[in-house]
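S.K.: Chains A and B, in that order, are what the protein sequence lines are. Take the first sequence: its letter number 137 is residue 671 in my numbering, and every next letter is one higher. Take the second sequence: its letter number 154 is residue 155 in my numbering, and every next letter is one higher.
Mixed in with the good hints, there may be bad ones.
[Unchecked claim] Beta-carbon label-pair distances, calculated as ranges: (1) B/Arg-15 to A/Asp-760: 45 to 51 Å; (2) A/Glu-734 to B/Thr-283: 43 to 49 Å; (3) B/Asp-287 to A/Asp-613: 21 to 27 Å; (4) A/Asp-569 to B/Arg-15: 48 to 54 Å; (5) B/Thr-271 to A/Gly-608: 52 to 58 Å; (6) A/Gly-554 to B/Leu-279: 33 to 39 Å; (7) A/Asp-620 to B/Val-355: 28 to 34 Å; (8) A/Gly-656 to B/Leu-279: 33 to 39 Å; (9) A/Asp-613 to B/Val-355: 42 to 48 Å.
Note that these hints are calculated values from the structure, not bench results. For glycine and all other residues, C-beta sits at the position ideal for the given N, C-alpha and C.
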Amino acid sequence: MVVGASAPLVELRGLAKHYGEGETRVDALKAIDLDLRPGEVVGLLGPSGSGKTTLLNLVGCIVEPSGGIMRLDGETVWDGRWLRPDLRSLRLEKIGFIFQFHNLLPFLDVAENVALVLDMAGAPRAAALARAHELLDYLEVGHRKTAKPSSLSGGEAQRVAIARALANHPRIILADEPTAALDGERAGIVMDLLRKVASEQAATVIVVTHDEKIWDRFDSIFTLRDGRIVSTVSPRAGG
Amino acid sequence: MNLAIRDIRHHLGRFLLTALGLGLLLGVVLSMIGIYRGLVADALALVRMPAADVWVVETGTRGPFAEGSRIPGDTRESIARLAGVTEAGSLTFQSLEAIHRDRKLRLQVVGWEPGRLGGPPAIAEGRGLARGRFEMVADLKTGLAVGERVWLGGDVFTVVGLTRGAVSSGGDPVVWMALRDSQVLQFRLAPAPARREAARGTPPSGAPDTINAVVARVAPDASVEAVVAAAKRWKHLAAMTQDEQETILTRSVVEKARQQIGLFTTVLLTVSTVIIALIIYTMTMDKIREIATLKLIGAPDGRIVGLIVQQALALGLIGFSVGASLIVSVKDHFPRRVVLLPEDAAALGMIVVVVCLVASGLGVRLALRVDPATALGG
Numbered sequence: 535m536v537v538g539a540s541a542p543l544v545e546l547r548g549l550a551k552h553y554g555e556g557e558t559r560v561d562a563l564k565a566i567d568l569d570l571r572p573g574e575v576v577g578l579l580g581p582s583g584s585g586k587t588t589l590l591n592l593v594g595c596i597v598e599p600s601g602g603i604m605r606l607d608g609e610t611v612w613d614g615r616w617l618r619p620d621l622r623s624l625r626l627e628k629i630g631f632i633f634q635f636h637n638l639l640p641f642l643d644v645a646e647n648v649a650l651v652l653d654m655a656g657a658p659r660a661a662a663l664a665r666a667h668e669l670l671d672y673l674e675v676g677h678r679k680t681a682k683p684s685s686l687s688g689g690e691a692q693r694v695a696i697a698r699a700l701a702n703h704p705r706i707i708l709a710d711e712p713t714a715a716l717d718g719e720r721a722g723i724v725m726d727l728l729r730k731v732a733s734e735q736a737a738t739v740i741v742v743t744h745d746e747k748i749w750d751r752f753d754s755i756f757t758l759r760d761g762r763i764v765s766t767v768s769p770r771a772g773g
Numbered sequence: 002m003n004l005a006i007r008d009i010r011h012h013l014g015r016f017l018l019t020a021l022g023l024g025l026l027l028g029v030v031l032s033m034i035g036i037y038r039g040l041v042a043d044a045l046a047l048v049r050m051p052a053a054d055v056w057v058v059e060t061g062t063r064g065p066f067a068e069g070s071r072i073p074g075d076t077r078e079s080i081a082r083l084a085g086v087t088e089a090g091s092l093t094f095q096s097l098e099a100i101h102r103d104r105k106l107r108l109q110v111v112g113w114e115p116g117r118l119g120g121p122p123a124i125a126e127g128r129g130l131a132r133g134r135f136e137m138v139a140d141l142k143t144g145l146a147v148g149e150r151v152w153l154g155g156d157v158f159t160v161v162g163l164t165r166g167a168v169s170s171g172g173d174p175v176v177w178m179a180l181r182d183s184q185v186l187q188f189r190l191a192p193a194p195a196r197r198e199a200a201r202g203t204p205p206s207g208a209p210d211t212i213n214a215v216v217a218r219v220a221p222d223a224s225v226e227a228v229v230a231a232a233k234r235w236k237h238l239a240a241m242t243q244d245e246q247e248t249i250l251t252r253s254v255v256e257k258a259r260q261q262i263g264l265f266t267t268v269l270l271t272v273s274t275v276i277i278a279l280i281i282y283t284m285t286m287d288k289i290r291e292i293a294t295l296k297l298i299g300a301p302d303g304r305i306v307g308l309i310v311q312q313a314l315a316l317g318l319i320g321f322s323v324g325a326s327l328i329v330s331v332k333d334h335f336p337r338r339v340v341l342l343p344e345d346a347a348a349l350g351m352i353v354v355v356v357c358l359v360a361s362g363l364g365v366r367l368a369l370r371v372d373p374a375t376a377l378g379g
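All chains, please: the whole structure from these sequences, using the hints.
M.R.: Okay, structure coming up:
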C-alpha cells in the first residue's frame, strides 16, 4: 500500500453542493476538504440525506458542484466551472463505477460488458476482448465470460462489475453500496478484491456503504452528517 | 460492438412480434394504396380497351361512362368518313345482373360490331365472336367457362372466349357481344310494356338502332383535335379525345372513391406514425437504466442515439418487409383489383424510414435527458 507516499488522486477543497435557492435551499454538502491517495480504500458512512451519494456524484462528475475546487488524478476538473467540456470522456478516462445492483447490460455477455468500456474508448474489438478476458481471469470469473448477466450469482455479477470498472485502467473507483446485496462472506471477498485492485493498480477506491461487516476493510471511514464530515476513523490502523 | 443488434437479439421474440404487428399495419397501408391504384386502373381499363383516339357521344352529355348517351347507329359511318379517321366502331355499354347457376352475376355488357373497333382485347382462352348472334366473350372474373350457356334478357348466349383483367369502373367483369344482341338486350321492351306501348299507339320499334358511343382511331399524321372539332359540328353529337374521356372517368366517376381511399390511407399512415413513435418510446423507456449506466461509464451521445435510431429503423424495415410480403401473397384474393406498383412500395418504404427517424426523435429526446445518476442506487 502506498498511502501518503504520493500526490493525491482525489483532492477536494471546500467542495460544496446545494439544491434550490432562498427558502427552499438545501445544503447537501458543505465545504468538504479531502485528500485521497493511491492505494487507499475509504468508506463513506452516514444516515440517509447526510450527503454520501452527493459526494460520490460530485467526485464522479455526475453532478455540478456549487463551490470549491476538485482535482482528480492531478487534473483540476472543477474550479467554479467544469474545466473539461466533455465530462463523459473524463469519466471514461479516469473513473470506474461499481453499482449496488451491478448494472450490467443484460443484452451483452459478461466479456462484452467489460470490453464495452474499452470499445467506447476506441480500442480495437480484439484488444478490448483480450483485456476483458484478462480482467475476468484476474477476478476469477473467467469461466463465465460468455454467460449473460441474468445467469450470474450476486457475487459473480459484482466481480464482473468490478472488472468493467477496471477495464480502462481508471485510478479512481467509486462504489455505491457494492456489498449491500451480498452475504458476509461474499461481501468480504468483494472488499478484498477492491483492496487488491487499489494496491496493485495504485488506485483510490471510495465506497458508500451502510454495511457494518466490511468496516474493518477500509483504510479510512468518513462519517457524514448534514453535509459535513463529522468523523474520520482508520480501522486498519486501529484508530 | 453494435448495441442495437445485441439488444434486439436479447429480446428477439418480443422484437419480432412487434415487427409483425407493425408489418400487419403497414400491410394494410400498402393494400389501401393498391386498392386506390386498382380503382383507377379498373376505371380506365374499359375506356382504354378500344385503344381509340376520339369518343363521339350524344350532345350535351359526357357519356357514355359519366352520363347516359344515345346516338343513332349510323353515326359510325359519318365519323368513319371524317378526314384523318382510319377506323371507327359503334359501342353500347350496359350494366346487367343475371342469375346463373343459382348465383348472382353482375356484368358490364359491351356491344360492338365484330371486325370493327371496340372488341375484346387478347383472348386468353377460346375464340372471338364468329357467328354474329347469341355468342359472347366474357372475362375470366365472371367465373364462366368456354361453352357455358347463360340466360340474358330472355335469350341464351354461349361463351366462346375468355379475356383477362377486363372490368368496369365498378369492378364488374366485362362481356362482349354483337352490337345487335346488345341493342336488343338494352332497348327491347319486355312483352307487357311492349303491349302497353302498342295500346297507346306507339309504332312497334323492336330494338332501335341506337348506340351509346362511337370510337375512332386517327391516322398518325392527322390531328385528333381536328377530328374532334369536325365531329362537334354535328349539332346532335359531342366529341372528346381519349385523354378527356379518361379525365372524366378519374375526376368524376371514381373521384369520391379515390378521395375516400386516399384520405383513409393518409389516416392510416398517421396512425402508423403514432404507433411507431409509441413503440420506440416504450422500447427506450424499458432501457432507461441501461442508458443511464452507459452515460455514467462514459458512452458518447452518438452511441446512445445510434442504439435507438438503429432499432427504430430495423423495426420499420422488418415491419415493412413483413407487410409487403403479406400483401403480395394475398392481393389476388381481394374481390377487387389491387395494383401494387414497385414505385408505390419504394415510396412507402421511404416514408417508413422517415417516419422511423422522426418517431425515434421522441425516444432520442428521452434518452438524452436521462440523468446518469439514475444508474446509482436502487
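S.K.: Hint says 52 to 58 Å; check whether the CB-CB distance for B/Thr-271 and A/Gly-608 agrees.
M.R.: For B/Thr-271 and A/Gly-608 the Cβ distance comes to about 57 Å; the hint holds.
S.K.: A range of 21 to 27 Å was offered for this pair. Does it hold for the Cβ distance of B/Asp-287 and A/Asp-613?
M.R.: violated, 39 Å
S.K.: Tell me if the beta carbons of A/Gly-656 and B/Leu-279 are separated by a distance inside 33 to 39 Å.
M.R.: holds, 35 Å
S.K.: Okay, A/Asp-613 versus B/Val-355 on CB: inside 42 to 48 Å?
M.R.: holds, 46 Å
S.K.: If I claimed the Cβ atoms of A/Gly-554 and B/Leu-279 lie 33 to 39 Å apart, would that claim hold in this structure?
M.R.: This hint holds: roughly 35 Å between Cβ atoms.
S.K.: Using the beta carbons of B/Arg-15 and A/Asp-760, state whether their distance is inside 45 to 51 Å or not.
M.R.: holds, 47 Å
S.K.: Taking the beta carbons of A/Glu-734 and B/Thr-283, is their distance inside 43 to 49 Å?
M.R.: Since the Cβ atoms of A/Glu-734 and B/Thr-283 sit about 45 Å apart, the hinted range of 43 to 49 Å holds.
S.K.: So does A/Asp-569 sit 48 to 54 Å from B/Arg-15, Cβ to Cβ?
M.R.: holds, 50 Å
S.K.: Take the C-beta atom of A/Asp-620 and the C-beta atom of B/Val-355, compute their distance, and say whether it sits inside 28 to 34 Å.
M.R.: holds, 31 Å
Consistency with the previously given hints fails for number 3 only.
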